[in-house]
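Heads up: the sequence lines are chains A and B, in that order. With numbering that gives the first Met the number 0 applied, the first sequence covers 0 to 176. With numbering that gives the first Met the number 0 applied, the second sequence covers 0 to 113.
There could be a bad hint or two in this list.
As the list claims (entries may be wrong) - What follows is a list of derived Cβ distance ranges for each label pair:
#1 B:W90 <-> A:Q137: 18 to 26 Å
#2 A:T102 <-> B:L109: 20 to 28 Å
#3 B:I93 <-> A:E1: 24 to 32 Å
To be verified - Straight-line Cα separation of at most 25 Å, DSS-like style, residue types lysine-lysine; simulated pairs:
#4 A:K143 <-> B:K47
#5 A:K80 <-> B:K43
#6 A:K52 <-> A:K5
#7 A:K107 <-> A:K5
#8 A:K171 <-> A:K5
#9 A:K52 <-> A:K143
#10 A:K80 <-> A:K107
#11 B:K43 <-> A:K143
#12 A:K5 <-> B:K86
#13 A:K107 <-> A:K45
#14 A:K52 <-> B:K47
#15 A:K80 <-> B:K86
#16 A:K143 <-> A:K80
#17 A:K107 <-> A:K171
#18 A:K45 <-> B:K86
#19 A:K107 <-> B:K86
#20 A:K107 <-> B:K78
#21 B:K78 <-> A:K5
Keep in mind the hints are simulated off the structure, nothing from the lab. Glycine included, each C-beta is placed from N, C-alpha and C at the ideal position.
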Amino acid sequence: MEISSKELWTVIHGMGFGALFLLAFAGGLAGLYSLRPEWVTVEGVKERLIRLKAGLWAMAAIAWGTVLTGTYIVYPWYRAKPPEGTTDLMNFPRYLLLASESTAEWHKFGMEWKEHVGWIAPIAATVVAYVISVYGTQLTGDSKIRRALLWFFIIAFVTAGVAGMFGAFINKIAPVR
Amino acid sequence: MSTQTSTQTELPNGLAAAALLAGGIGSLALGVITPLAEAVVPIKDALKFYAPAGPLSGKTTVAVIIWLIAWAILGYLWKDKDVDFAKVSLWALILLGLGLLGTFPPFFDLFASG
């Protein structure tokens with residue numbers, strides 16, 4: 000049972016950071032949505048906020064980890080240019096995808112979208128974590144801020160989801176080895 | 000156990016508004032730089048901050064820097080203020096949406112030069 004360092008970094012980027020962020024989303028969303036005075040007692044809100052702050056900062060850190068490992072570690076392997084005269088493109092995923100009409104869109108649409116849109120997730124997640132940390136219990140009485148945070152959080156999830164989904168498909172069709 | 004009335008003063012909404020609007024600005028920055036790099040080859044080349052990652056390294060670094068600068072400025076200006084939060088958050092979401100549009104390949108490919 001072997002795994003190369005490139006494959007290991009791809010797993011850390013996608014299955015580690017990326018999947019963890021997406022899995023944590025449901026908990027964060029439930030926590031954010033339920034910050035309402037009519038649903039939770041004052042003590043309940045305080046207790047919930049401790050978990051929520053820790054969870055949201057962890058999610059923001061994970062989202063940064065995902066894009067940084069993706070852009071600076073995995074992506075250079077993906078886009079590496081094959082030496083002149085190379086016929087076996089197995090180790091050059093970008094060129095392997097572009098070599099066939101049936102797979103070219105995985106790069107032109109999938110990878111191009113993934114590599115850009117994924118960066119919106121950590122920005123949005125950091126904003127949410129920061130506002131929750133600064134305002135704390137005050138948010139239970141401010142539905143406008145809560146609603147805006149929910150939208151940012153959902154957009155963080157959707158952008159991470161798009162990036163994760165295309166990452167999984169592309170790594171299936173033209174894996175980084 | 001004493002029953003105390005909380006005298007904790009509420010924070011003005013300026014810091015939240017600043018963080019959200021800055022997030023929108025950061026997203027928009029990425030959504031503007033991406034088509035711009037497609038349209039202008041010298042800009043695309045200049046954005047290759049880390050050669051192995053190509054222009055993606057520059058596009059995202061510049062967007063993050065713009066986001067942080069916008070956040071610092073807006074946070075400084077609004078930290079003690081109550082702003083029209085509905086209006087600011089709507090703009091933040093519009094900018095976020097424009098950022099999503101600018102990073103969507105069928106859109107930014109329209110600007111591709113050759």
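Each hint tested on the structure:
no.: 1; hint: B:W90 <-> A:Q137: 18 to 26 Å; in the structure: holds (22 Å)
no.: 2; hint: A:T102 <-> B:L109: 20 to 28 Å; in the structure: holds (23 Å)
no.: 3; hint: B:I93 <-> A:E1: 24 to 32 Å; in the structure: violated (50 Å)
no.: 4; hint: A:K143 <-> B:K47; in the structure: violated (40 Å)
no.: 5; hint: A:K80 <-> B:K43; in the structure: holds (18 Å)
no.: 6; hint: A:K52 <-> A:K5; in the structure: violated (33 Å)
no.: 7; hint: A:K107 <-> A:K5; in the structure: holds (23 Å)
no.: 8; hint: A:K171 <-> A:K5; in the structure: holds (14 Å)
no.: 9; hint: A:K52 <-> A:K143; in the structure: holds (19 Å)
no.: 10; hint: A:K80 <-> A:K107; in the structure: holds (16 Å)
no.: 11; hint: B:K43 <-> A:K143; in the structure: violated (39 Å)
no.: 12; hint: A:K5 <-> B:K86; in the structure: violated (46 Å)
no.: 13; hint: A:K107 <-> A:K45; in the structure: violated (47 Å)
no.: 14; hint: A:K52 <-> B:K47; in the structure: violated (36 Å)
no.: 15; hint: A:K80 <-> B:K86; in the structure: violated (47 Å)
no.: 16; hint: A:K143 <-> A:K80; in the structure: violated (49 Å)
no.: 17; hint: A:K107 <-> A:K171; in the structure: holds (16 Å)
no.: 18; hint: A:K45 <-> B:K86; in the structure: violated (29 Å)
no.: 19; hint: A:K107 <-> B:K86; in the structure: violated (37 Å)
no.: 20; hint: A:K107 <-> B:K78; in the structure: violated (43 Å)
no.: 21; hint: B:K78 <-> A:K5; in the structure: violated (45 Å)
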